[in-house]
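Peer 1: The primary structure of each chain is shown beneath.
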Amino acid sequence: MTAVSTPGVESAPYTVEEVCEQFDPVMGLEVHVELNTETKMFCGCANAFGAEPNTHVCPVCLGLPGSLPRLNGTAVESAIKIGLALNCQVRERSGFARKNYFYPDMPKNFQISQYEDPIVFDGYLDVPLDDGTTWRVEIERAHMEEDTGKSLHVGGATGRIHGADYSLLDYNRSGVPLIEIVTKPIIGAGVRAPEVARAYVTALRDVLRGLGVSDVRMDQGSMRCDANVSLMPKGATEFGTRTETKNVNSLRSVERAVRYEMGRHAGVLLSGGTIRQETRHFDEQSGTTSPGRPKETFADYRFFPEPDLPPLEPSRDWVETLRAALPERPWERRARIQTDWGLSDEELRDLVNADALDLVADTVDAGAPPEAARSWWVSYLSQQANAAGVALTGLAITPAQLARVIALVEEGTLTNKLARQVVDGVLAGEGEPDDVVTGRGLAVVSDESALAAAVDEALAAQPAVAEKIRAGKTKAAGAIVGAVMKATRGQADAARVQELVLERCQ
Amino acid sequence: MSDITRDDVAHLARLARLAVTDDELDTFSRQIDAIVDTVSAVGDIPDDIPPTAQVVPRTNVLRPDTTEPSLPRETALAGAPAAEEGRFRVPRILGEEL
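Residue numbers (my numbering), protein chains in the order written: chain A, 36 to 541; chain B, 8 to 105.
No wet-lab data here; the hints were simulated from the structure.
Just so you know, even glycine gets a beta-carbon here, dropped at the ideal spot from N, CA and C.
Check before you lean on any hint, since a few could be wrong.
[Stated by the list, open to error] One-sided excerpt, in silico: chain A residues whose CB lies under 7 Å from chain B:
no.	residue
1	Ala81
2	Asn89
3	Ser202
4	Gly245
5	Pro340
6	Pro345
One chain only, chain A, in its complex shape (with noise of 0.2 Å):
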């Protein structure tokens, strides 16, 4: 095993196992939560992802000269709810900074954040592993801070910024409440770092999606991942120097990034040279790192303290109230649901990946057993969602109205094959599962009177038939029972017909 280290290409990362061998690996982890507020964090624009570019800004979000922050008390709000589910203690009495850098996607020239005193801190999320054992990763601080506008780099042959002309800037993002929670380092996870840091950022975003602060959408941008990586020689105490890979945007990704600077660090360190303390970036389709722009050293942001933002003091009620009012943990939900539903690890861990569970939980909080819950959302429903090429959660079926297909189901008003076209209705935008029913007269035809003259006709219709079923040759029935199943388009129990014709025939 040689490293081999040329200036400007990177060595070929060593394995994490073999990283392991001489190093222990330390991390800290940051993540950056876009709160799902209406409005922004210091102003009244509306936060929404997606708008014409420059349509939801301010003088305020712009940055304009006399504008003045005006504190989102649901941010706030958001902020003490994500410490209290990390077990973070609140801050009795906490501000807000300015952080100084020069750079065109924040126009004020200074991020407002928090320094000294973040409204949470010292705390700890236990983060379930895959096999089974939970690893407690201690919580440094969540702060609250502001997000930056977005940047769109016109010219240069990959689009990136090296090479552009010109830059674009839309500013919409820009004000966007920004919670920024930060691990201290993560010890002693060895092999299994790259493994842990994915686990906390999902046991992470499981948490806040639950807490309904955040859209959590990694993909989108609203919930973002820095992953600070470095080794020190086996059984040291002091850390090594490290690097920040930056925005790593998918759970995948968190372990990856982590195994790739584990294994690059190692590479550098074992050819005798030294790592810089560095931005770096992480490219997905390769799975590589390569440094990111040179960043001020932490005393070049010149952190000094707000002057246009009061004090926050949460009272004790208001801590206190939200504390109460914080949901179940995921996956101590996930557990009380698996023994409630009597389901096996692999249902529920279907149900999980296929993103089911909360709908299956709604449709059955709407009334609708487990079993019957879980098999349409798992089965037929998933199966048309693949088909429309949507998430489960897109298809335009509520759990209110599952549950109503499913309970007309269970009263016999519909048999399992016409609840699928009442749904396939449903999703149609033919309006509730009760209007599919009457609207395209899919109810069972169980009214016996009817039924019953459904027979007299059929059997009237083929004399013969109905001569031979009265010597009894009681095969041939099928073909009455086909007729008048064809007669009340499929919508008659085919079992209860069988024995009206031959009650008639006796």
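Since chain A is already given, all that's left is putting chain B on it; use the hints.
Peer 2: Structure of chain B alone, referenced to chain A:
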């Protein structure tokens, strides 16, 4: 004197994206040095005096999370030296990466 060097000034100028001439490095290092000297008087304040970043005795000034009108885009872009496709156009950013 607090020993603000020409290098310090050059560094500050880079952070502020300001072009500073060689002569100005000398001028500004003397001037900033004098400013820092003056301000360093705050170092004489005893440690038990709480820092005063806020002089208005108010806390928890919060805004309800309700949407207010934004600027029309033409108005927002009106003050920009250049605009394109509804966006602010800025010169290329050299040697830096987002």
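Peer 1: It remains to establish, for every hint, whether it holds in the given structure.
Peer 2: Going through the hints against the structure:
no.	hint	in the structure
1	Ala81	5 Å, holds
2	Asn89	5 Å, holds
3	Ser202	5 Å, holds
4	Gly245	20 Å, violated
5	Pro340	3 Å, holds
6	Pro345	5 Å, holds
Checked against the numbered hints given earlier, the structure breaks only hint 4 and satisfies all the rest.
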